[in-house]
Amino acid sequence: MKRLAAVAALLGLAAVTACSGSTGDKPAAGGSGSGGGLYTTIDGLKPGLDVNGPINPWNPKGNAFLGFNAMRIAWSKNHLTDPNQFYPGIAASWEIAPDNSSITLHLHPGNKWSDGKPVTAEDVKFSIALAYTQGSTAFAIDPGAAGAASEVEVVDEKTVKITQDMDNPSVTFVRGVMDSYIVPQHVWGSVLPADFWDKLKAARGEGAEAEKAREEITALSEKVLAFAPPKDVSAGPFTLERMNPSEALLVKNKNFYNAANVGPDQVKMLNYTGNEQIWNYLIAGKLDNAPFTAVPADVMKRITTTQGNGVVKGYSPVSLGMAFNQSKKPYDNVHVRRGLAYLINRDEVTKIASPEGGTPAVTTTGIHQKPAAEWLGADLAALEPYKLDVAKAEEEFKEAGLKKEGGKWTLPDGTPWKFTVNVPAPFSDWISGAKAVTSQLTAAGIDAEVVTTADYPLYLKELAEGKYDVGFWLIALGPAPYNIYQRLYGVSNGWSILGGKLKHAEPGKNGNWMGGPETIEVDGAKVNPGELTAKLNSASGDEQKKIIGQLAKAANQDLPVVQLWDYVNTQFVNTNRFTGFPENDSDLLRQPSGVWIQLGMVKKKQ
Amino acid sequence: MTAPVIAAGGGRAALRRNFWRGVWRVLKRKPSRMVGMVIVLGFAFMGVFGPMFYPDPLPRDTAALYAPPSWEHPFGTDFEGTDVLALLVTGSRYVLLTALVTAVITVVVGAAIGLFAGFRRGRWDTVLMRITDMKLTIPGLPLLLVLSTIWKFTSALEMGLVLGLLGWGGVARAVRSQTLSLRERGFIEAARGLGLSTTHIIGRELLPSMAPFVAMNMLIAVTGAVYAQVGLFFLGVLPFEANNWGVMLNLAVFGGGAMSSPAALPYLMAPLLAILLLTLGIVLVVDAMDEIFNPRLREE
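Protein chains in written order, with UniProt numbering: chain A, 1 to 606; chain B, 1 to 300.
If you are wondering where the hints come from, they were derived from the structure by calculation, not from laboratory data.
If you want the footprint, here are the derived chain B segments under chain A, 3+ residues with CB under 8 Å: (1) 55-69; (2) 147-154; (3) 225-239; (4) 260-272.
Here's a subset of chain A near chain B, in silico, CB distances under 8 Å, partners left out: (5) Asn-275; (6) Asn-280; (7) Ile-283; (8) Pro-296; (9) Asp-298; (10) Val-299; (11) Glu-348; (12) Pro-426; (13) Ile-431; (14) Val-450; (15) Val-451.
Please read all numbers here as calculations on a predicted model, not as lab measurements. Beta carbons: idealized from backbone N, C-alpha and C, even for Gly.
Whenever a hint applies, use it, and build me the whole structure from the sequences.
Structural data, given as structure tokens:
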């Protein structure tokens, strides 16, 4: 629906890296006796509540609210550079093998489901089996998938060890494991056949039998998605009590491991279908928290004048880029892309499109400016900043053979150049941004227009089919460096890892819509950016830093995208009823407020 | 021998003169009708000549985003500092041309099918009316939403064509029933008795009696077409044009927060007022037209 949901969904997909051992943080201690009250919020991932949706975390319309009644093994901190930091979820602590080959999870002792049955290692193993049917980075059934688990072993009632298939390791393995939803086996047991793990073993082999087993497991996917437990049995801080089309009511789960520190007794999730509804809830002071929502400047003023409302800002590992389809002329020419970069005034575009939720990109590196400063250090300043410079743009265009006739730029053969940028219609900030870009280009003599696509899924489909010349594209999906650069030099630009081998597809094939060349020239030397990106999957330490430096330079000179603005995670809190919300720049801002509550931070105002 | 011919020609000219004099008299009778006429002519002028008064592209003032109304910007500015009135005026051509094309197609196709089916009756009637029934069962808006995913409607003619082809059903049905009643009247029977051709009877005998109804339908189709296309653009399913009225409404509500804060309110109000004014103008003109064509309403 709205931009916020799209960003959140993509963040959910972002998996991660690093190879150091770590243990979980202890939940924040909170004074007891500060509980009570009704906490009102919205779920940023679910625009439009569906009363008929199953209480199923895998179902996109399901009524499992992340952090409230849907639990993950652990909650990622989305740290700037170290993606292996988590807050405890179902697991209280964990050990990661130094070579990233395995992770051992220790569940909270004495943790129970809301129906009183204990949360066990078997539940975790069973939920992982469910995750296999949906396919994910850590639990993929394709043989040779990078970062897939090879074994799930129940060590004792509260301990599970998950081993990575080291034939084709990936730094995304740990994050993939931690992001798994955990559901009760005694409720969901009927969904999977008793011999599931044998089937899985067979699916990992080769030949007709393995193929059949893979098909059987994939066929279970629909069954898992459709499963609707008769009532909510949750290991989260809340359980779903009842709902109607306008709101869902959740009540405190007395059996939750940290129930003593959970502030609110009840949580109300309000329905919304668009950002403007969220703005109105905020202006009315109804919401105790609203996750990242695009807000126009004047509405922001109205919201902040409401008694108790406050704005908390933090880092959001997402940037917006304007991506080129290099199989279309004249965007195959790097000088055209550079010329366009010189003509776009990013400060003005950001001011018009996302004054509250973004900061203008300092340059194009493919990384959000905050982690870029950490990864690149002084090298960041050495990169070409592409400040507004009409003279340089003209130079670049001339280098590309474009001609200016009667104040209008034409292609080298004299045919008119029509610059068309595509954006999905529901994202109002992208539309404003695209319009600002075309206005700037039109003023510089380029015939530019914005074309919208009815919705985001259709937009992504048409983009992947290579139907657009230029389109807006989320980049810098950190914190794992591999995930950051696969947005520029991954599947959408032709490089995919199949069976542990990196392959480059021709433009227009296998999802390659960016259509860049396999090797590009960086400082006069030939570089294969896809190969470098794939290396980030297993590189660590200084090697990782070196590769990121090379890729940032490549992205800066090759410009597969022009980075427009870096998102700022702007959230709203209201301190009339509750206190203890995260401060500015807290890593918890990158998790839903249910996680803040379950860690014992949010307290009723005394 | 030439005298009767001259007399006939002079008679027709006199009839036309009398007609326009009648129109003028009818308009003058109620000031509201004059107002309606002025509004409609004003919109027609705006659609034809309005865009010529503004430079292309329209100037932007990025220091004044969502500026409040002032002498310089009577309806304020939009999200990138462009004058809202300029957007409204330059955008009127697409909206009005679409509405005109829609109205013409609706009325021509609807009246032709209705007249022919009603006059011929029998097999032709059955076939044409079943087609009309089928057409009436197609829900317009959902179909347009689906169509918009494959067709971008960049030109007003395309948009008008689609809206027109979706809208003739009601007119065809109404015209047919009128025809069924008229064809039993004496003057039609006389015409048939004289052996006049179907084209003559339909074109010269039936159509003039139907003219007021058809003309009013045409004006009402204009408002319908404006609502339909502005609605589609408002929903964001059609291509982006900053000066399209529907796009302006969409961006004012979803981008500027016009429903939540006053800054974008003028941006929202401008296209709304324009649509309201156009509708008002048409309703007032329809009132006059009713009297022009319907002798029983004439207050001589």
